[in-house]
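Protein chains: 4
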Amino acid sequence: MKEVKHLKIEKDMGVSDLVRGMRGVGFGAGKIARAGEIMDKMFKDGDCKVFFGVAGAMVPCGMKQVILDVLDYTDIFVTTGANLTHDLIESLGEKHYKIENERIVDDVLLAEKGFDRIYNVLMKNGVYEKLEDFFKANFDSFSKCGNIKDFLWKIGELCPGGGILKKCYDKKIPIFCPGIADSGIGLMMWGRIAEGKTTNIDVFTDMKEIIDFSWTAKKTGVLYIGGGLPKNFIQQALQFSKGADYGIQITTDRPESGGSSGAPLKEGISWGKLSKDADFVDVVCDATIALPLIFGSIL
Amino acid sequence: MKEVKHLKIEKDMGVSDLVRGMRGVGFGAGKIARAGEIMDKMFKDGDCKVFFGVAGAMVPCGMKQVILDVLDYTDIFVTTGANLTHDLIESLGEKHYKIENERIVDDVLLAEKGFDRIYNVLMKNGVYEKLEDFFKANFDSFSKCGNIKDFLWKIGELCPGGGILKKCYDKKIPIFCPGIADSGIGLMMWGRIAEGKTTNIDVFTDMKEIIDFSWTAKKTGVLYIGGGLPKNFIQQALQFSKGADYGIQITTDRPESGGSSGAPLKEGISWGKLSKDADFVDVVCDATIALPLIFGSIL
Amino acid sequence: MKEVKHLKIEKDMGVSDLVRGMRGVGFGAGKIARAGEIMDKMFKDGDCKVFFGVAGAMVPCGMKQVILDVLDYTDIFVTTGANLTHDLIESLGEKHYKIENERIVDDVLLAEKGFDRIYNVLMKNGVYEKLEDFFKANFDSFSKCGNIKDFLWKIGELCPGGGILKKCYDKKIPIFCPGIADSGIGLMMWGRIAEGKTTNIDVFTDMKEIIDFSWTAKKTGVLYIGGGLPKNFIQQALQFSKGADYGIQITTDRPESGGSSGAPLKEGISWGKLSKDADFVDVVCDATIALPLIFGSIL
Amino acid sequence: MKEVKHLKIEKDMGVSDLVRGMRGVGFGAGKIARAGEIMDKMFKDGDCKVFFGVAGAMVPCGMKQVILDVLDYTDIFVTTGANLTHDLIESLGEKHYKIENERIVDDVLLAEKGFDRIYNVLMKNGVYEKLEDFFKANFDSFSKCGNIKDFLWKIGELCPGGGILKKCYDKKIPIFCPGIADSGIGLMMWGRIAEGKTTNIDVFTDMKEIIDFSWTAKKTGVLYIGGGLPKNFIQQALQFSKGADYGIQITTDRPESGGSSGAPLKEGISWGKLSKDADFVDVVCDATIALPLIFGSIL
Numbered sequence: 021m022k023e024v025k026h027l028k029i030e031k032d033m034g035v036s037d038l039v040r041g042m043r044g045v046g047f048g049a050g051k052i053a054r055a056g057e058i059m060d061k062m063f064k065d066g067d068c069k070v071f072f073g074v075a076g077a078m079v080p081c082g083m084k085q086v087i088l089d090v091l092d093y094t095d096i097f098v099t100t101g102a103n104l105t106h107d108l109i110e111s112l113g114e115k116h117y118k119i120e121n122e123r124i125v126d127d128v129l130l131a132e133k134g135f136d137r138i139y140n141v142l143m144k145n146g147v148y149e150k151l152e153d154f155f156k157a158n159f160d161s162f163s164k165c166g167n168i169k170d171f172l173w174k175i176g177e178l179c180p181g182g183g184i185l186k187k188c189y190d191k192k193i194p195i196f197c198p199g200i201a202d203s204g205i206g207l208m209m210w211g212r213i214a215e216g217k218t219t220n221i222d223v224f225t226d227m228k229e230i231i232d233f234s235w236t237a238k239k240t241g242v243l244y245i246g247g248g249l250p251k252n253f254i255q256q257a258l259q260f261s262k263g264a265d266y267g268i269q270i271t272t273d274r275p276e277s278g279g280s281s282g283a284p285l286k287e288g289i290s291w292g293k294l295s296k297d298a299d300f301v302d303v304v305c306d307a308t309i310a311l312p313l314i315f316g317s318i319l
Numbered sequence: 021m022k023e024v025k026h027l028k029i030e031k032d033m034g035v036s037d038l039v040r041g042m043r044g045v046g047f048g049a050g051k052i053a054r055a056g057e058i059m060d061k062m063f064k065d066g067d068c069k070v071f072f073g074v075a076g077a078m079v080p081c082g083m084k085q086v087i088l089d090v091l092d093y094t095d096i097f098v099t100t101g102a103n104l105t106h107d108l109i110e111s112l113g114e115k116h117y118k119i120e121n122e123r124i125v126d127d128v129l130l131a132e133k134g135f136d137r138i139y140n141v142l143m144k145n146g147v148y149e150k151l152e153d154f155f156k157a158n159f160d161s162f163s164k165c166g167n168i169k170d171f172l173w174k175i176g177e178l179c180p181g182g183g184i185l186k187k188c189y190d191k192k193i194p195i196f197c198p199g200i201a202d203s204g205i206g207l208m209m210w211g212r213i214a215e216g217k218t219t220n221i222d223v224f225t226d227m228k229e230i231i232d233f234s235w236t237a238k239k240t241g242v243l244y245i246g247g248g249l250p251k252n253f254i255q256q257a258l259q260f261s262k263g264a265d266y267g268i269q270i271t272t273d274r275p276e277s278g279g280s281s282g283a284p285l286k287e288g289i290s291w292g293k294l295s296k297d298a299d300f301v302d303v304v305c306d307a308t309i310a311l312p313l314i315f316g317s318i319l
Numbered sequence: 021m022k023e024v025k026h027l028k029i030e031k032d033m034g035v036s037d038l039v040r041g042m043r044g045v046g047f048g049a050g051k052i053a054r055a056g057e058i059m060d061k062m063f064k065d066g067d068c069k070v071f072f073g074v075a076g077a078m079v080p081c082g083m084k085q086v087i088l089d090v091l092d093y094t095d096i097f098v099t100t101g102a103n104l105t106h107d108l109i110e111s112l113g114e115k116h117y118k119i120e121n122e123r124i125v126d127d128v129l130l131a132e133k134g135f136d137r138i139y140n141v142l143m144k145n146g147v148y149e150k151l152e153d154f155f156k157a158n159f160d161s162f163s164k165c166g167n168i169k170d171f172l173w174k175i176g177e178l179c180p181g182g183g184i185l186k187k188c189y190d191k192k193i194p195i196f197c198p199g200i201a202d203s204g205i206g207l208m209m210w211g212r213i214a215e216g217k218t219t220n221i222d223v224f225t226d227m228k229e230i231i232d233f234s235w236t237a238k239k240t241g242v243l244y245i246g247g248g249l250p251k252n253f254i255q256q257a258l259q260f261s262k263g264a265d266y267g268i269q270i271t272t273d274r275p276e277s278g279g280s281s282g283a284p285l286k287e288g289i290s291w292g293k294l295s296k297d298a299d300f301v302d303v304v305c306d307a308t309i310a311l312p313l314i315f316g317s318i319l
Numbered sequence: 021m022k023e024v025k026h027l028k029i030e031k032d033m034g035v036s037d038l039v040r041g042m043r044g045v046g047f048g049a050g051k052i053a054r055a056g057e058i059m060d061k062m063f064k065d066g067d068c069k070v071f072f073g074v075a076g077a078m079v080p081c082g083m084k085q086v087i088l089d090v091l092d093y094t095d096i097f098v099t100t101g102a103n104l105t106h107d108l109i110e111s112l113g114e115k116h117y118k119i120e121n122e123r124i125v126d127d128v129l130l131a132e133k134g135f136d137r138i139y140n141v142l143m144k145n146g147v148y149e150k151l152e153d154f155f156k157a158n159f160d161s162f163s164k165c166g167n168i169k170d171f172l173w174k175i176g177e178l179c180p181g182g183g184i185l186k187k188c189y190d191k192k193i194p195i196f197c198p199g200i201a202d203s204g205i206g207l208m209m210w211g212r213i214a215e216g217k218t219t220n221i222d223v224f225t226d227m228k229e230i231i232d233f234s235w236t237a238k239k240t241g242v243l244y245i246g247g248g249l250p251k252n253f254i255q256q257a258l259q260f261s262k263g264a265d266y267g268i269q270i271t272t273d274r275p276e277s278g279g280s281s282g283a284p285l286k287e288g289i290s291w292g293k294l295s296k297d298a299d300f301v302d303v304v305c306d307a308t309i310a311l312p313l314i315f316g317s318i319l
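Chains as they are written, first to last, in this note's numbering: chain Y, 21 to 319; chain V, 21 to 319; chain H, 21 to 319; chain D, 21 to 319.
Warning: the hint list may mix true and false statements.
[Unchecked claim] Computed spacing ranges between beta-carbons, pair by pair:
id, chain 1, residue 1, chain 2, residue 2, range
1, V, D60, H, D232, 26 to 34 Å
2, D, P180, V, K144, 58 to 66 Å
3, Y, G146, D, E30, 30 to 38 Å
4, V, K192, Y, D297, 30 to 38 Å
5, V, L319, H, M21, 41 to 49 Å
6, V, K192, H, E23, 29 to 37 Å
7, D, N121, H, M21, 19 to 27 Å
8, H, E23, V, I124, 17 to 25 Å
9, V, A214, Y, D95, 16 to 24 Å
10, V, I124, Y, K115, 44 to 52 Å
[Unchecked claim] Capping the alpha-carbon separation at 27 Å, the derived lysine-lysine pairs in DSSO-like fashion look like this:
id, chain 1, residue 1, chain 2, residue 2
11, Y, K164, Y, K228
12, D, K187, D, K144
13, H, K133, D, K262
14, Y, K164, V, K164
15, H, K174, H, K187
16, Y, K25, D, K191
17, V, K61, V, K115
Simulated from the structure, these hints should not be mistaken for lab results. A quick note: this is a predicted structure, and the numbers were derived from the prediction, not measured. Here a beta-carbon is modelled for each residue, glycine too, at the ideal position from N, C-alpha and C.
Input sequences plus hints: build the corresponding full structure.
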C-alpha cells in the first residue's frame with residue numbers, strides 16, 4: 021500500500037516523465053506505469069528470454085513500426101496469420117487506409133467500392149492480386165519448407181520490401197503462427213493446392229522448437245497484445261518452463277466469459293505458466309494506446 | 021420501426037414464450053429474440069449449409085451437451101484445440117469442476133493442490149496422464165492422417181466415451197481446427213515427436229474442403245460463439261460463397277480495438293463474407309446465457 | 021468446488037428448468053442460476069427488506085412490466101429520473117419504438133424526423149408537449165411537496181395511466197431519485213421556475229427515510245440493475261445497516277476503471293455495505309436478458 | 021479516407037509528438053490524436069463555452085491535479101458527489117492509498133483494518149471524523165444556501181486546503197452536482213438533519229443557471245469523463261443550445277445495454293444535444309490513461 025500521488029501534466033512533458041507520473045495513480049494509469057517498469061526489467065535482464073505474442077489487427081491499423089522496434093528485444097515472436105498477411109501486403113507495396121468520418125459507415129457501399137473494413141481501417145480488395153503473383157512466383161521455395169516457422173522465414177527472405185517477416189528472417193527471430201492456414205497467406209497456399217500442387221508443412225513440428233526454448237531458458241518473460249492463439253501458444257510452451265518471471269498483458273476482453281484473451285495473467289499461476297513470484301501486470305486498454313506509452317517510456 | 025412491447029413474465033413460462041416476449045423489447049433481449057428467429061429459419065432452410073464456429077472454453081464450463089445438440093443442425097464445425105482437448109478429456113472419463121465461493125480465488129493455492137483454473141472452472145492437472153496413455157496407444161493411427169480433419173475424426177473414432185469428437189466422427193460432420201497445435205492434443209503429439217516419432221499432417225490441405233463446401237453451397241449460414249480463429253476461418257471460406265445468408269454472432273468482445281472477435285457481423289459485408297441482404301444479428305452476451313436461450317426457443 | 025454438469029436443453033423447456041440446469045455450469049450461466057436462488061431466498065425471507073436499484077434505460081426499452089412485477093417484492097425503489105420520465109410519458113399515452121434494421125442508423129435523419137434515439141429505441145420528440153401540459157396543470161400540487169419522494173408519489177397519484185410511479189404511489193413503495201433534476205421531469209419543473217414560479221423541494225430531506233429504513237431492518241437485500249446513482253445511493257444507506265445479507269448485481273460495466281457501476285459487490289464488504297457472510301452474485305450481462313431469466317425462474 | 025501511417029516511437033519522445041504520431045493510426049490511438057485536436061480547438065475558441073463532466077472515482081485515484089488543470093479551460097463543471105467528497109477529504113488533510121500487490125485482494129481483511137476499497141484504491145474509514153467536524157462547525161453557513169451550486173461554493177470557500185471545490189469557488193466556476201445527496205457530503209448534511217437541524221436547498225433551482233448558460237452561448241463544447249449523471253445533466257442542458265460544436269467522450273462502458281454512459285456522442289445528434297456538424301470523438305479507454313495523454317498533447 022502506497023499513498024496515491026496526483027499526476028501533474030507539465031508543458032512539453034516527455035512520454036517517460038508522463039508514465040513515471042502515472043506510477044502514483046490507481047486504475048489503468050498505474051498499470052501503464054507498472055508495465056513500463058516490468059518491460060524495462062524484462063528487456064534488460066540478460067538471463068530472460070522474451071516471448072512476444074500479438075493478436076488483433078495491429079499491422080493494418082498502423083502499429084507495424086512499433087512491433088518492429090519491440091522485436092529488437094524479443095526472442096520468440098508469435099502472431100496471427102492476419103498480421104503476417106497484412107505485413108506482406110505492405111512489403112509488396114500496398115497500403116492500408118483509415119476512415120476519417122465515422123458517423124456513418126456503410127459496408128454495402130464499401131463492398132461496391134472494393135474496400136474491406138477492419139473497424140475504421142480499410143484495405144483495397146485488389147491487393148490479393150499482388151499477393152497471388154508473389155505466391156505463384158515462389159511456391160516451389162515455399163512448398164519445400166517442413167514447418168511453419170521455416171515457411172514464414174522463407175517468405176521473409178523472398179519478399180521485396182521490409183517489414184516484420186523480413187526482419188524476423190534477417191535477425192533469425194523465430195516466428196510461430198500455428199493458425200497460418202487461417203489467413204490470406206493460407207489462402208494463397210490453398211490457391212496453389214487447388215491448382216493441383218502439393219505442400220508438406222507439418223502441423224506439429226515447430227512445437228518442438230518453442231517448447232525446447234521455454235524448457236532451456238534460465239528465465240522467461242511474456243508480452244501479450246490481445247490474447248488469442250498467440251497468447252495461448254506461448255502459455256502452453258511456458259508450462260515447460262518454471263513459469264514466466266515477467267508478464268505484461270494488454271487486452272480489452274473481459275474475463276467473465278472464460279476466454280483466454282480476457283483471462284488475467286494470474287490464472288496462469290494455477291497452470292504453472294506464470295511463476296508465483298513473477299512481476300506481472302494486466303493492462304485493460306486498447307493496445308494502440310497502451311503499447312506506445314509503455315514502450316515509449318523505456319527507450 | 022415497431023412499437024416497443026413490454027415483456028411480461030408469466031408463472032411457469034416456457035423458454036420459447038420468454039424469447040417470443042423479448043421480440044418487442046430493445047437492447048439485448050430483442051437481439052436474443054431476433055437470433056431465435058434467424059436460427060429457426062437457418063436450421064429449417066434445406067438449401068442452407070450451416071457453419072458453426074465455437075471459441076472460448078465452452079466444453080469445460082458445461083456447454084458440451086448444448087454444442088452436441090446444435091451439431092444436429094450443423095454442416096461444418098470449427099473450434100479451438102482447447103475445446104477438443106477438454107472434450108477428449110471427458111471422453112476419457114475425467115471431469116471439470118466449478119468454484120463455488122468466488123470471493124477469493126488463490127491461484128498459488130490451486131497450483132499447490134494441482135488444479136488448473138479457467139475463470140471459475142477447474143481441471144485436475146493429473147488429467148494429462150490419461151491423455152498421454154491414449155496418444156501413446158494410438159499414435160500410429162494418428163500419424164498416418166494427412167490433414168487435421170482426418171486426424172480429429174480418427175481421435176473421435178478411437179476415443180472410448182461419447183462427446184463432440186465422437187459425434188463428429190459418427191455423423192461425418194467435418195471438424196476444422198487450424199490451430200490444433202495450440203492445445204493439449206497438440207502437446208500430446210509433440211510428446212511423441214520429442215520421443216523421435218514423426219507426423220505428416222499438412223497445415224493447408226483441409227482448406228480445400230471447407231472452401232469447396234462454401235463455394236458449392238446454394239445458401240450459407242453462420243453461428244459464431246465468441247470469435248477467434250473459428251470465426252475467422254469460416255469468414256475466410258465464406259469469401260468464396262455469395263456471402264452468408266444468415267448470421268448469428270454471440271460475443272462479449274468490443275469492436276473498437278479492431279479484433280475479429282469483437283467485429284460486428286456487418287463488417288463482413290464489405291469483404292463479401294456476409295450477403296448485403298442477409299438476416300443477421302450480433303448478440304453481445306455471455307454465450308453460456310445466450311446460446312441456451314436462443315436454442316431453447318426453437319426446439 | 022462442485023462437478024460441472026453439462027446443461028441439456030429440452031423441447032418445451034420451462035424457464036425455471038432452464039435456469040436450474042444452468043446451476044451446474046460455469047461462467048455467466050452459473051451466475052444466472054445463483055442469482056435465481058438468491059432472489060428466491062431474498063424475496064421469501066420475511067425479515068429481509070429489499071432495496072431495488074434500477075439504472076439504464078429500462079423503461080423505454082420494454083422492461084417496464086418486469087420492473088412493475090419485481091416491485092411486488094420490493095420495499096424501497098431507487099431509480100434514475102430518466103426511467104421515471106419515460107414511465108410518465110407512457111402513462112400519458114405516448115409510446116416508445118424499436119429500430120428494426122440496425123445496419124445503418126443515421127442520427128441526422130432521426131433528428132429531422134423528430135425522433136430521439138436511445139441505442140436501438142426511439143421516442144418522438146413531440147412527447148414533451150403532453151408532459152408540459154401535465155406539469156402546467158398540476159404544478160401547484162407538486163410545488164408543495166417538501167422532498168423528492170413525496171413529489172414522485174404526487175406525480176403517481178395524479179398521472180392518468182398505470183405505470184411505475186402510479187404503482188409506487190398506490191402501494192406506498194418509497195421511490196428515491198436523488199438525481200431527479202437530471203431528467204425530463206426536472207426539465208418540466210425548470211420550465212415553471214423559468215416562468216417565475218417557485219419550488220421548495222429539499223435536496224437532503226429524504227436521506228433520513230432511506231437511512232432509517234436501512235438502520236432498522238433486521239436483514240437487507242439488494243437487487244441492482246446497472247449501477248449508477250441508484251446503486252450508490254442504496255450502498256450509502258446500507259453503511260448504516262449490518263451490511264446487506266443478500267445481493268444481486270446485473271451490469272455490463274467493467275471494474276478496472278474504478279466506477280461504482282462496474283465495481284463487484286464484494287468491494288462493498290470493505291465498506292460495510294455488504295455482510296461478509298452475504299449470499300451474493302455479480303451477473304455480467306445485459307439486464308434485459310438476465311433479469312427476465314432470473315425473475316422468470318422463481319415465479 | 022487517409023493512408024495509415026505507422027507510428028514510430030522515438031527515444032525521449034514528447035507526449036505531444038507521440039499523440040501527433042497517433043494521428044495516422046486506426047483504432048484507439050487515432051481517436052486519442054483526434055481528441056487532442058478537438059480539445060485544442062475547443063479550448064482556444066473564444067466563442068465556445070466548455071462543459072466538463074466528470075464521473076468515476078477520478079479524485080481518489082490520483083487525477084485531481086489533472087482535473088484542476090483542465091478547469092482552467094472550463095466554463096461549467098459537473099461531477100458526482102463522490103468526487104467532491106474525496107476532494108474535500110484531501111482538503112481536510114487526509115489521503116488515499118493504492119494497493120501495490122493485487123494478486124489477492126481480501127475485502128473482509130480490509131474491513132477489519134478499516135479501509136474502504138475503490139478497485140485498487142483505498143481510503144481509511146476514519147476520514148469521516150474530520151469530515152463530520154467540518155460540517156458541524158460550518159452547518160449554519162451551509163444551511164443558508166438556496167441551491168446546490170451555492171452550497172458547493174460555500175464548502176469551497178470554507179474548506180482549509182486547496183482542491184477542486186476551493187478552485188471552483190475562487191475562480192467562480194459553477195459546479196453542478198444534482199446527485200449531491202448521494203455522497204459523503206450528503207451524509208454529513210443528513211447527520212445534522214438527523215440531529216434535528218433543517219436545510220432548505222432546492223432540488224431544481226440551479227437548473228436555471230446551467231440551461232441559461234447553454235441557451236446564451238454562441239458555441240458549446242463538451243468533455244465527458246465516464247458518463248453517468250454529469251454527462252446526462254450537461255446533455256440535457258445542451259438541448260437548449262444549437263447542439264454542441266465540439267465533443268470528447270472518454271468511457272469504457274458499452275453502448276449495447278442502452279445506458280447513457282456507454283452511448284456514443286453521435287446519439288446526441290438525434291436529440292439536438294450535438295450539432296450535426298460537430299467535431300467530436302468517442303475515446304473508449306480508461307480515463308486515467310486517455311485524459312493525461314490528450315491534455316498533455318495540447319499544453
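To see whether the hints hold, each was checked on the structure:
no., hint, result
1, V:D60 / H:D232: 26 to 34 Å, "violated, 53 Å"
2, D:P180 / V:K144: 58 to 66 Å, "holds, 60 Å"
3, Y:G146 / D:E30: 30 to 38 Å, "holds, 34 Å"
4, V:K192 / Y:D297: 30 to 38 Å, "violated, 50 Å"
5, V:L319 / H:M21: 41 to 49 Å, "violated, 32 Å"
6, V:K192 / H:E23: 29 to 37 Å, "holds, 32 Å"
7, D:N121 / H:M21: 19 to 27 Å, "holds, 25 Å"
8, H:E23 / V:I124: 17 to 25 Å, "holds, 21 Å"
9, V:A214 / Y:D95: 16 to 24 Å, "holds, 21 Å"
10, V:I124 / Y:K115: 44 to 52 Å, "holds, 51 Å"
11, Y:K164 / Y:K228, "holds, 19 Å"
12, D:K187 / D:K144, "holds, 25 Å"
13, H:K133 / D:K262, "holds, 17 Å"
14, Y:K164 / V:K164, "holds, 20 Å"
15, H:K174 / H:K187, "holds, 12 Å"
16, Y:K25 / D:K191, "holds, 24 Å"
17, V:K61 / V:K115, "violated, 36 Å"
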